[in-house]
Amino acid sequence: MNFFILSLIKVALVAFVLLTTLAYLQWIERKVIAHVQLRVGPYRVGPHGLLQPLADVVKLITKEGLIPSHVNKLFYLMAPFVAVTLALISISVIPFGPEIKIGPVTTWMQLTDLRIGILFVIAVSSIGVYGVALGGWASNNKYSLLGGLRSSAQMISYELPLALAVAAPLLLANTLSFREMVNYQSGYWLGFIPRWNLFPEILGFIVFMIAGFAETNRVPFDLPEAENELVAGFHTEYSSMNFAAFFMAEYANMVTVTAVATLLFLGGWQPPFPAPYSDVIPILVFALGGLVALYHGLNPARRMDKFTLPATALVFLGIAAIFGLSLFVAPLKPILMALFWFCGKVLVLLFVFIWVRATLPRFRYDQLMRFAWIGLFPLAMFNLLATSLIVALTTK
Amino acid sequence: MTALIFLIFAGIAVFCGVNLVVQTHPIASALSLIGVMGSLAVLYLQLGGEFIAAAQVIVYAGAIMVLFVFVIMLLNAGAETPTFQVSRFVKYLGAILLAFFLGLISFIIQGALPKSEGVLFGTFQGTALDVGRKLFTTYLLPFEVTSVLILIAIVGAIVLARKEV
Amino acid sequence: MNLWLIPILPLLGFLANGLFGRRMPKALINTFAVGSVLLSFAWVVKTLFGLSPIESKYIEHYFTWIQSGMLNIGVDFAVDRLTAVMLMIVTGVGLLIHIYAVGYMEHEGGYYRFFAYLNLFMFFMLVLVLAQNYLLLFVGWEGVGLCSYLLIGFYFTEQFATTAGNKAFIVNRIGDFGFSLAVFLIVRQFGTLDFSKVFDAAKGMPSEPSIGILTIITLLLLVGATGKSAQIPLYVWLPDAMAGPTPVSALIHAATMVTAGVYMTARSATLFLKAPVTMDTVAVIGLATAFFAATIGLAQMDIKKVFAYSTVSQLGYMFLGVGVGAFSAGIWHLMTHAFFKALLFLGAGAVIHGLHGEQDLRQMGGLFKHMKITAITLFCASLAISGFPFTSGFFSKDAILVAAYERAPWMYWIGVLTAGMTAFYVFRAWFMAFTGEYRGHAHPHESPLVMTGPLMILAILSLVGGFINVPHILEPMFVEKAENQSLAWLSAGVGILGILLAYVFYVAKRGLADSFAKAFGGLYTLVYNKYFVDEAYDAAVVEPLLEGSRTVLWRGIDAGLIDGTVNGVGKRSRGIGSILRLIQSGNIRSYAAWVVLGSIVLLIAIGFAGGLR
Amino acid sequence: MVPNAPVPLSWYLILSAILFALGVAGFIFRRNIITVFMSIELMLNAVNLSFVTFSYQFKQVDGHIYSFFVMVVAAAEAAVGLAIILTVFKNRATLMIDEVNSMKY
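Sequences listed follow chains A, B, C and D, in order. Letter by letter, the first sequence follows residues 1 to 396 in this note's numbering. Letter by letter, the second sequence follows residues 1 to 165 in this note's numbering. Letter by letter, the third sequence follows residues 1 to 613 in this note's numbering. Letter by letter, the fourth sequence follows residues 1 to 105 in this note's numbering.
The set of hints was computed from the structure by calculation and includes no laboratory data. If you're wondering where the values come from, they're calculated on a predicted model, not measured in any experiment. Idealized CB from N, CA, C, for every residue including glycine. Just so you know, not all the hints are guaranteed correct.
With a Cα cut of at most 27 angstroms, we get these calculated DSSO-like pairs of lysine-lysine [stated by the list, open to error]:
1. B:Lys134 to A:Lys142
2. A:Lys396 to B:Lys134
3. D:Lys90 to B:Lys163
4. A:Lys10 to A:Lys63
Anything over 10 angstroms on all C-beta distances counts as not near chain D; from chain C, calculated [what the hints assert, rightly or not]:
5. Ser68
6. Glu358
7. Val566
Footprint (simulated), chain C over chain D, 3 or more residues, beta carbon under 8 angstroms [to be verified]:
8. 47-59
9. 88-102
Given these sequences and hints, build the entire structure.
Quick look at the structure:
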């Protein structure tokens with residue numbers, strides 16, 4: 001199994017999983033925001049709106065992508081392309097699990113590991129600005145130009161605190177590759193507290209998350225495509241597939257940011273408790289999920305629930321059984337465990353993203369910029385200095 | 001493998017370079033410059049300059065060129081209208097002359113350099129660790145001086161570009 | 001025996017008068033000036049008696065003045081018989097002249113200044129005499145030159161005084177130039193300047209038949225001597241030096257300074273003996289000067305000029321003596337000359353003082369009854385100088401003439417002829433001044449005792465001086481020449497003949513002199529105008545020098561060359577600037593082109609210079 | 001040229017020379033200030049390439065550090081240069097080099 005075929009398989013697997021999660025992320029976001037605002041969210045298309053993302057994709061593809069005449073055609077088309085590609089590139093560096101053996105092949109649950117992995121991600125995110133900037137400029141109207149400028153200015157300003165926040169854990173782990181970073185975070189203090197960077201770098205984590213919000217133009221900082229002020233910001237002129245591209249780019253960025261956050265601060269695929277106890281938790285979680293769904297299925301609030309809820313309960317219990325089974329099947333256990341913990345952490349952080357979008361109001365532009373340079377940047381700098389002081393004093 | 005990658009990205013770099021000079025609209029030349037920088041980053045990786053490749057992308061493509069794109073967008077500079085129409089003959093002559101000149105230079109460089117061994121990806125890794133160690137030991141003074149330089153540049157830029165209140 | 005006290009006392013006198021003279025009354029100035037010389041004289045006497053039979057040289061070293069490489073020059077004084085004689089002359093005659101000057105300078109302006117310079121002169125002369133190496137001697141040598149300049153130019157308000165001062169100083173400098181070259185050669189040859197070391201080394205060297213290193217050194221020393229002691233080529237300054245007050249002429253230009261040359265020659269006798277060529281030149285120069293000056297003296301009308309030329313002539317005698325090897329005779333004549341020449345000058349001073357500044361012999365006459373003492377003392381001096389038997393002049397001059405005869409008979413006969421002339425012009429002056437009726441219109445009066453006192457002492461000395469047998473005193477240093485009585489009497493006879501002739505010309509037949517003058521018209525005017533030597537020097541040296549520096553140096557080089565280049569550079573750079581200005585076209589692209597062009601040229605240059613490997 | 005064979009070092013330098021020549025051409029022939037400015041950045045990049053090439057040849061990291069400093073200086077220069085361009089545009093409302101020639105003699 002030479003290198004090409006193996007990496008092709010891995011790429012296909014990761015691409016499929018990533019694209020579906022992007023689509024369903026859209027669904028999760030709409031359901032969560034709806035339930036936060038005490039409304040139901042999409043539930044017509046498919047059970048509980050599960051097929052809604054599919055419907056959206058079909059809509060966007062079939063819609064007629066009209067290209068306005070006054071637009072600078074080349075850059076107009078290039079902008080969404082650039083935004084999407086750059087957003088998706090950085091997934092290639094992110095490790096999902098430890099080294100695993102499947103049959104004759106032993107490989108890492110990771111597309112590739114660069115010795116400068118973290119720098120690579122930062123580099124890609126810093127180039128991401130061009131997609132937005134060009135989009136704004138190419139569509140050749142005042143609002144999109146202003147939107148493009150503001151969002152790129154915002155992304156640049158928050159790139160600095162992001163980089164500084166990332167630098168702090170680097171000092172601790174003294175490495176630039178994700179794999180070594182996660183290995184550094186294995187092991188436990190006092191037996192049960194996991195050695196995650198989160199605990200020594202709590203300030204770094206907060207700054208990283210906030211900068212992450214800004215980097216992906218998410219709610220508190222999503223002024224540029226705020227509907228009420230700038231119509232749709234830089235992607236006002238875009239229709240169908242290009243518009244979908246920008247949307248997908250945004251969610252891909254979100255996933256990237258959360259993945260990097262888990263790898264740097266939450267110990268990647270390291271379970272929070274030592275091995276024997278942590279193996280049980282996935283089983284418990286899915287079993288619990290299945291029972292809840294079963295209980296609601298038995299006294300349904302709505303007509304269709306009688307059938308859909310028991311079905312989900314069945315799925316959840318099945319997964320719990322698989323996890324239980326994997327305890328005994330040696331090769332399977334590390335894969336499932338790693339995947340469970342990694343995806344669990346990422347989903348938690350995504351939930352935070354969506355949760356923040358549902359609750360926090362929007363920043364005004366000057367508040368946003370001032371917060372970056374006067375609030376976040378000094379904090380990140382202070383955190384970096386503190387960490388480097390501790391590192392300098394402790395290491396010989 | 002290395003040669004293939006070199007040929008590809010060298011081709012891209014040269015193409016973007018020519019594009020930069022030939023294009024009338026500044027935004028086009030800005031993007032072609034970014035193309036050059038990207039391909040150079042790859043070549044740096046080949047030459048073992050990991051940290052420099054990342055730095056190139058982050059600093060050059062990610063920060064400086066953004067400044068350029070910003071200024072071009074803000075000033076909304078139109079395409080350059082060539083004031084003097086250079087006759088077609090002169091263009092070709094210029095091209096030939098340029099080609100000859102480059103040939104001469106490559107011959108000289110070829111002659112000048114000792115028959116050193118070729119470049120293979122991975123033979124020399126200038127990791128961030130080595131660069132960092134050397135940067136903060138032997139090159140500490142230039143490091144501090146450049147930081148002062150940047151400070152001066154920042155202050156200068158602000159003062160120059162500030163709107164007269 | 002701390003010899004240093006001898007020169008230091010006059011120096012203290014100089015400092016006292018020089019610094020505070022303005023505010024001190026005349027009496028206090030006198031005590032300081034005369035007192036210091038008196039004490040110095042007393043100390044000389046004490047030391048000479050202390051050392052009494054000065055068999056060997058007594059040296060005292062004070063401190064090392066110059067220590068560089070192998071050259072080591074110390075400030076050290078030495079006394080031997082020669083120095084003893086010189087010390088006695090300098091301090092003794094100096095003291096008398098100081099006393100006389102008190103009276104003479106009574107109502108002259110700048111009283112303290114005069115005595116300050118006089119004391120300074122005494123200090124330098126004593127340093128010169130006591131010096132134990134050439135450099136210290138040279139210090140004294142220069143010092144006396146300076147003081148003579150200051151004192152000649154004492155009446156600095158008068159034009160002729162200042163020009164005379166300049167002339168004296170410049171001519172002396174020429175002589176000093178020769179002297180310093182000699183000193184350099186001595187250093188190169190012997191590696192030291194100390195007299196004893198140099199002479200010991202010189203003794204070992206063979207005497208040089210033709211021009212050798214020693215001959216050159218001695219010739220250069222001779223040049224210095226001629227400058228200082230006013231011999232043939234460089235004597236022109238002495239007659240003009242009469243512009244200074246008379247005591248100055250007496251002290252400096254008769255007794256002490258002018259004899260420095262002779263003393264130096266005597267001091268470096270061992271060097272001169274090794275160079276017979278130089279000895280002959282010294283003798284010839286001496287004789288020529290003596291004869292030449294004597295002829296000029298015949299026709300002078302100014303009393304001080306007559307005595308000035310007589311000094312030059314007598315110095316010629318001394319050099320003749322030294323030249324023929326009779327060093328002791330030369331020194332002897334130096335001593336006796338100091339006595340009677342000082343007396344002659346002081347007497348003349350008394351006469352001028354009496355006539356309130358009148359110096360022309362034609363305005364004098366018949367002063368005998370007004371100034372008896374001056375007349376008599378001057379008469380004794382005249383007898384001495386003309387070599388009247390048993391006077392001091394007789395002994396010393398004949399010793400020289402006898403030695404000259406041994407060397408070469410023709411020298412003796414010219415010497416005798418000059419002696420005759422000397423006698424003639426001295427008595428001519430005496431008769432014109434003191435006999436006949438008074439032709440001037442001032443009313444002469446006798447000088448006060450403070451002036452006539454020294455005159456009387458000097459008169460006694462000039463009559464009796466001859467019996468101080470100097471050759472006998474200097475016997476251990478210089479071999480003594482045999483005495484030859486017949487020649488001595490012959491020259492004395494010629495002297496008396498000269499006196500009678502003068503009597504006939506100026507007393508018996510008063511008109512005879514004038515008729516003679518008319519008879520030899522051309523010759524007379526030639527002699528009267530001092531053979532137009534001054535005019536010749538002016539034409540030959542001074543004018544071309546001044547003219548040359550004005551046209552060639554000032555106009556040619558300074559204005560033309562230097563200013564030319566400076567202004568030229570300025571103009572040229574402005575020209576280039578205006579050309580370069582065109583490059584600033586304001587067009588950024590042209591700048592860019594220039595930048596690229598420059599770098600390409602640079603690259604090519606490096607390529608060729610470095611050479612592509 | 002088997003794709004996997006090592007690339008002779010001189011090729012990188014030749015590429016650097018070509019890029020530099022292009023930069024110089026742009027620097028001289030273009031009239032828009034920003035484009036001129038960008039061709040200068042191109043020249044700087046060409047220099048960086050030769051730095052890294054030589055550091056590869058001598059197997060030392062110094063070349064990287066030099067190119068790092070070149071980047072820093074280029075950043076500072078870009079900042080100030082663009083500020084100047086802005087002010088020039090504000091005062092002269094033009095970006096054409098030839099119209100900005102008041103520094104005449």
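Evaluation of the provided hints:
1. B:Lys134 to A:Lys142: Outside the cut-off at roughly 49 angstroms; violated.
2. A:Lys396 to B:Lys134: holds (19 angstroms)
3. D:Lys90 to B:Lys163: holds (10 angstroms)
4. A:Lys10 to A:Lys63: At roughly 33 angstroms apart (the allowed maximum being 27 angstroms), lysine 63 of chain A and lysine 10 of chain A break the hint.
5. Ser68: Correct as stated: the minimum Cβ-Cβ distance to chain D is 56 angstroms, above 10 angstroms.
6. Glu358: Holds: least Cβ distance 83 angstroms, greater than 10 angstroms.
7. Val566: holds (27 angstroms)
8. 47-59: It is violated: at least three residues are needed, and the segment 47-59 of chain D offers just 0 whose Cβ sits closer than 8 angstroms to chain C.
9. 88-102: Satisfied; 5 residues make the cut.
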